[in-house]
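Here's the letter readout for the chains.
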Amino acid sequence: MEKWQGWRKMRYEADLDHDFASEIASIPGGEQLYSCIQCGTCSGMCPLSQHMDYTPRQLIAMIRAGLKGEVLSSYTTWLCASCYSCTVECPKEIKLTDIMYAAKRLAIREKVYPKRFPIPVLAEEFFRCVESHGRNSEIWVLLKLFLRTNPLKMFKMMGLGFKLWRTGRISPKRERIERRGELKAVLKALEKEHMVKGREELAGAGEVGS
Amino acid sequence: MSETGSANDTFEPRIVAFFCNWCTYTAADLAGTARMSYAPNVRVVRIMCSGRLDPQFVLTALRQGADGVLIGGCHPGDCHYQAGNYKARRRFTLLQRYLEEMGIEPERVRLEWIAASEGDKVQRVINDMTATVRRLGPLHLEPDIIRQIDAMPAPEPEPAPVAQGGTHE
Amino acid sequence: MSYLYYPGCSLKSTGRAFEESMLAVFRALDIPLRELDDWNCCGATAYMSVSELKAFALCARNFALAEAQNGDDDRADIVVPCAACYLGLNKAKRYLDEHPDIRRLVDDALAAGGLSYHDHTFIRHPLDVLVNDFDPDKIRTSVVRPLAGLKVACYYGCQIVRPYADFDEQHDPQTMDKLMRLMGAEVVDWPLKTRCCGGSLTGTVQEVGQQLSYILLREAKRRGADVIATACPLCQFNLECYQKQIGRRFGNGASIPVAYFTQLMGLALGRSDRELGMQRLFVPLGFKPPVKEVVGGEHVSA
Amino acid sequence: MSAPENKTNGTPRVGVYVCHCGINISARVDITAAVEFARTLPYVTVATEYKFMCSDPGQEMIQEDIRSGKIDRAVVASCSPLMHEATFRRAITAGGGNPFLFQMANIREHVSWVTLDKAAGTEKAKALIAAAVERVRLHQPLTRTSVPVNPDVLIVGGGIAGIHAALTIADAGRKVYLVEREPTIGGHMAKFDKTFPTLDCSACILTPKMSAVRAHPNITLWTYSEVSGVDGFVGNFKVTVKRKPRYVDEELCVGCYECIDACVYKKARVSDEFNVGLSKRKPIYIPFPQATPLVAVIDPAHCSEIKTGKCKKPCVDACERGAINFDQKDEFKEIEVGAIIIATGFKTFDAARIHRYGYGRFDNVYTSLEVERLVNAAGPTGGEVTLSNGDKPKSVAIIHCVGSRDNRTNKYCSRVCCMYSLKLAHLIKERTEAEVYNFYIDMRTPGKGYEEFYDRLLQDNVHFIRGRVAEVSDWAMIPEEEGKLVIRAEDTLVGAVRRIPVDMVVLSVGLEAQADADDVRRLFNISCSREGWYLERHPKLAPVSTFTDGVFLAGACQGPKDIPDSVAQAGAAAAEALILVDRGKVELEPNTAYVNEELCSGCRTCVGLCPYGAVGFNDGKETATVNGALCKGCGTCVAACPSGALQQNLFTDEQILNEIKGVISYV
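Protein chains in written order, with our numbering: chain Z, 1 to 210; chain W, 1 to 169; chain L, 1 to 302; chain G, 1 to 667.
Here are the simulated lysine-lysine pairs, PhoX-like style, with alpha carbons at most 25 angstroms apart:
1. G:Lys484 x L:Lys193
2. W:Lys121 x G:Lys540
3. G:Lys244 x G:Lys313
4. W:Lys121 x Z:Lys92
5. Z:Lys188 x L:Lys93
6. Z:Lys173 x L:Lys12
7. G:Lys392 x G:Lys429
Everything labelled a hint here was simulated from the structure, so no lab data went into it. In this text the structure is predicted, and so the values were computed from the model without any measurement.
Input sequences plus hints: build the corresponding full structure.
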C-alpha cells in the first residue's frame, strides 16, 4: 500500500481539460465515447484490468471528465494488449481498444507516458526500426529496449536468446525491404509539413493531436 | 434542361413531398417529436394514401417551380387501404419514363416506402434527396415542356357533388 | 484460385516454423502460393501506438503491391498467418473503406510513392482459406498419417477472431477444431480458445504477461490436452519459449508442447519433421503418428 | 387555374391563426413575420397569433371571428393535424361554422422541431401557411355521415391484460369474444409464484379472474384459437377466428385427468411448455391444474393415434363422457364486432444468444422464467430451488439486463427485470438461505412500493454488485473456484474486477415483442415500433389507441410492462372500447369519393381499383357510381379517373393542386 503523500482528491473544474473528451471522440472509432453507461463490461472482459492503475471503465469516465493528465500518464493504456475483448462486448459499441491507442499516441506525442516503462519505449523503437527499414528486426529492437529501460534484463534474457539462435529463430541479420525510398516517400507524405495542398484540414484523421 | 452535375453549394432547392397520412406523414411527425433535424427544403402535402397521387400533381409541382418531388407511402403489404401503394408504384414507373422523355432527370422525382415508426428514415431520405437535387441544380423547364404540362387535362371547375359519403349542405 | 502470401516480420524469425509448416501444408494440398514481393511491416500494435495514420499507410502499400503483383485479376487474396498482421491489415482495409478522410490522405501518400490501391485486396487467414475455400473431403483424403490418439487444445488467440470475426464464430471459433478432427486428432473442450496470451507484455512486463500465458497452459493441461495448437507466431512464442520462466514464477504444471496447427497438419499429411520445422520447438511434441498406409517415399521422407 | 366561384355565401374569408406552442414553435419560426406574411395572402381577412391556439382562449378567438362574420373558414398553423385537427374542427362547429372549412399547417412537427435555422424555419412555415390558405379557400361545407356500431368487442390474447379488459367490458353489459392462442388463458402471470412488490401469490389473484371469465355470461372464450382474418372498419369489423382442433370436446370434458392417466405413453416424455421445459407432459394433457378452460388437449405432434393411426386409444375408453374426438378439424368462426383490443403480450429474450453467459452450456445457468417455475409451489420441483444434481445451491448469482440495454440485442430497458430480479432474490434466499448476488448496471425501481422493496432486500443482506457481468465460466483460478460457476465482473463502485464462484446463475432476460408481432400487425392494420412493439396513436394523449380507429392496445404488446401497468392499461383500453360501442354510432370522415356524372365517360377504369367494392357502374346511365358507405376515402380511384369525373371530398384535384401552388409559388 502506497503511503499517504498529502494528495488531494478534490477536482476543481478549472483543473480539468474540457476538450479532452471531444478530442478523443473525434478519432475514428471514438464516436461512441459519449454513450458509455459505465457498466464495466470492458473491465470485466479485460484480461489485464487487474494489473491496471485504472480499469478501462474508469479510464473512459476520466476521459469524459477531462482528467487528461491522469489518463495520459496512466499505465492502463500501455497494459492494453489489444485483444479487443472490451471492444467486441461493449453494449454501446464503444471501440475501447482504439481509444486506448489514441491515448497512447497522445502520451507519446506529449512525452508524458510513465518513464522507463518498457512498453512505450518498445513502441518507439519498433516505430523507428520500421520507419527506416520497412521491417522489424526483433533482436535489434529488443536490444535497444533493454538498453533504454533495464540493461540487467539483457543478461536475464541471454539464455532464451541463445536457445532461439540455436533453433534458428532469431538472427542478428537486419531485415529490410528493397524499395526503402518508395516507403519513405509514402510515410513522409503523411507528415503535416509535406502534405498535399489542402489536406492539412484532414490531418486530424486517424491521429489525435497531430 | 437543368445544369446537371454542376455542384451548386449555395443553391437551396425547393422540393414538394406527397406523404400518405398513415405511414409516411406519421413518420414525419415522429421525426419531429424525436427532434431529428433535417434539411428545410422539403415541404409536405398530405394525402390519405399514396394511391391518391395523380401524376399530374408531380408535373404541376415541377411546373410551379419545384426542383424535385418526393413521394412517401407505406411499405408494400402495409397499405392502410390494402393496395394503394402498389397503384402508386405503377403510376410512378410510368411517370419516370415520361419525365425522361421530357429530359427531366429521374432523380428529381423519388418514391420511398417509409413506415410510421421510421422517423429516422424520413430524416435520411429528406437530407439525401435535398443533396441530390442540390447537386442537379435548379430545374429549368423548356417552354415546349411547359406547354406540354399546361396542355394536360386540368380538372373542370368543382361541380356540386352528388350527396354521398360526405354531403354538401 | 491462387493466393499471395504475406509472411510478416515474425514468420521470418521467431515464427519460422510457422512459415515452413504452412508452406509445406499448402504444397501437400497443391494450393498455389506466391510470396508478396517487397512486402513491408503491417504496422501492428506497437507501431500503431505511435502513428495510426502511418500504420494504415504501411498496410496500404502492401495492398498496392499485392494488386500490382496480381495483375488485372479482380481480387488479390493475401494469406496472412500472423494474427497481429491479419488484424492490422484487416483493420486498415476497413478504416480506409469507412473513413474517407483517412482514405484521401493515404491515397495521396501512396501516390507520392508511385503506388495506388483499388480495394481489390482481401485479407485471409490460413484457417479461413483451408476451411472455407476447400472441400474437407479433399483434405481428409490427403491424410496419410492420422493423428490418432493425439489430444489437441485448439488455441486461436485474440486477434484472429476479434474484432473482425468474419470467417469464424467469435466466441467459440471452430475452423481449427474442424481441421484437427480432419487430421484424426481429438479436440479437447476448453474455454480459453480466444483468451489473450499476454501479447508483447510477456517480454516487456513479464510478471504480468506471463501470468496470462500460465493460465492458458495450466487450463490446457487440466483439460487433458497433449499439445496446444496455435495459429499465431506470438502466441506460440509466449506459450512455449517462456515455459521455464513461467514454471519458476507460478509453479509447475505448465509444461506442455505448443505447436503450430500447420505443423500438426503437416505431420498428418506425411511431411517430414524438418520440412515442418519441428526441430525448432523448445518443447518436443513427443508424438509420432502411426503410418496409415504404405506410401511413396516422397511422402514420408522423414 | 383560376379560383372557382365559391359555394359558400360570398367570397371566402380566411382567418389565419399562428400558434407559438409556448416556445416549441416560436423558437424556430418568427411568428410575427409569419403573421405579416399571412396578411398578404388572397382571401385572408384575419391573421393573428397566440401562445397556445389549442387552449380555450385560443379556440375562442376563432369562434369569435366566425360569429362576428370576419371569417367563414380558418387555417391554424400549429402542430400536426393528427394531433389537434379534431380539436379545432370542434371549435369551429361550436362557433357556428362548418368544421370542414378548416385546414392545419403543421409548423411544429414538420418545421420548428426539425429545423435548426430560424430563418429557414420561418420560410418553410410561410410556405405551409400559404398552401393551407390556397387550399382552404376551395373547401366545401360538408356534413359527416354516421354508421351504427356493432356493440360486441373482440379481445385478442388471454393474459392478465386481456382477462382484465374482458371482465371490465363484460361487466359493463357488453358481449366479449376473448381469443387465446394457447389451450388455456392466464399468460405469463399464471407461471409466476409471487408478484412484486407485495409478494402476494400470483395464482391467488389471477385464478379467480380466470374462472370469472369462464363463468361470465357475456364472455365467449375461445382458447387454442387464432384470429385468421380481419375485414371492415371501426364499428363494423368482420373477424374470422380459427379454432384449432384439441381433439377433445370442450363441452363434454370435465378435466378429470382419466384420459391422461390412460394414455399409452405411461411416462411423460414431451417437454412441458407451461413449465418452460423443466418438466415433461404426455401427448394428451392439461397445461396446469387451474387451466381455464379445464379441458384436456391432444398435441398432434406427439399423439401416436394422430401420427400413426394405429394407437389402441385407451384415452377414448377411459373417458366416460366420450369427449375425445379424433375427427375434429380446424373450425372457422365468423364474428362481427365494433371494437378490437389487442393484448397479445410479449416473449422473453433467448438467453442462448449471449454465449458468454453459458446458457445451454452449463447445467446450472437458468433463465428468470425457469426460476419462476422452480420457486413456484405448483412448479416442477414443488417450489424447491435445486441444482441439476438435486442439491440446494449455497450461492446464486442473478444477472440483470440480459439482452437489454445492449446495442447488439435490444437497446431498450425491459423495465420489469430489476424488480422481478429483486423478487427472485428474495424468494431464493427464503427457500435456500443461499448467498445471493445481484449484478446490475443501474437499479431501476420506479413504482409504488418498489424502492421500499429494494430497501428491504438490502436489509436482507442480499449482495448488490454494480457491474454488468462479463463472463460466466467454468475454469478455476484458485481452489475455492473448483467445480463452481465463476462470475467475472467489475465491481464498478469499488473499481476492481471480482471473480465470484457460485452454484447457480439466474439470467434476468428482457422482454421482446412476440415472434409473430409483424403478422398480427398486418392482420389488424396497425403499426409497430422498430423493436416490434405495437405503436400507440400518441405516447401521452392516446396511449391505448392505434392509428386504426376501433383497434386498441393493452398490456406488454405495446411495450415492456409489469402487471399493475398492464392491468391499468387494460382498463383504459376497455373504457375506450366501451365509449365507442356505447356511443352506438361512428361519424365517418367525409373524405369519400363521388362521381360527377356529366364528366364520366363510362370508361370503367375506376371500377376494378376499389379494394372495398365501393365503386360500381350504372349500366343505365353508363356512369360509375360510388357507394359512400363502403368508401374509405383513399382516393385511388380518383387519381385513376382520366376525365376528372371522380373527385374526393377534402381532397379534390383542385384543392390539392391549389395546395401545391401555394406551397411552392409564394416562398
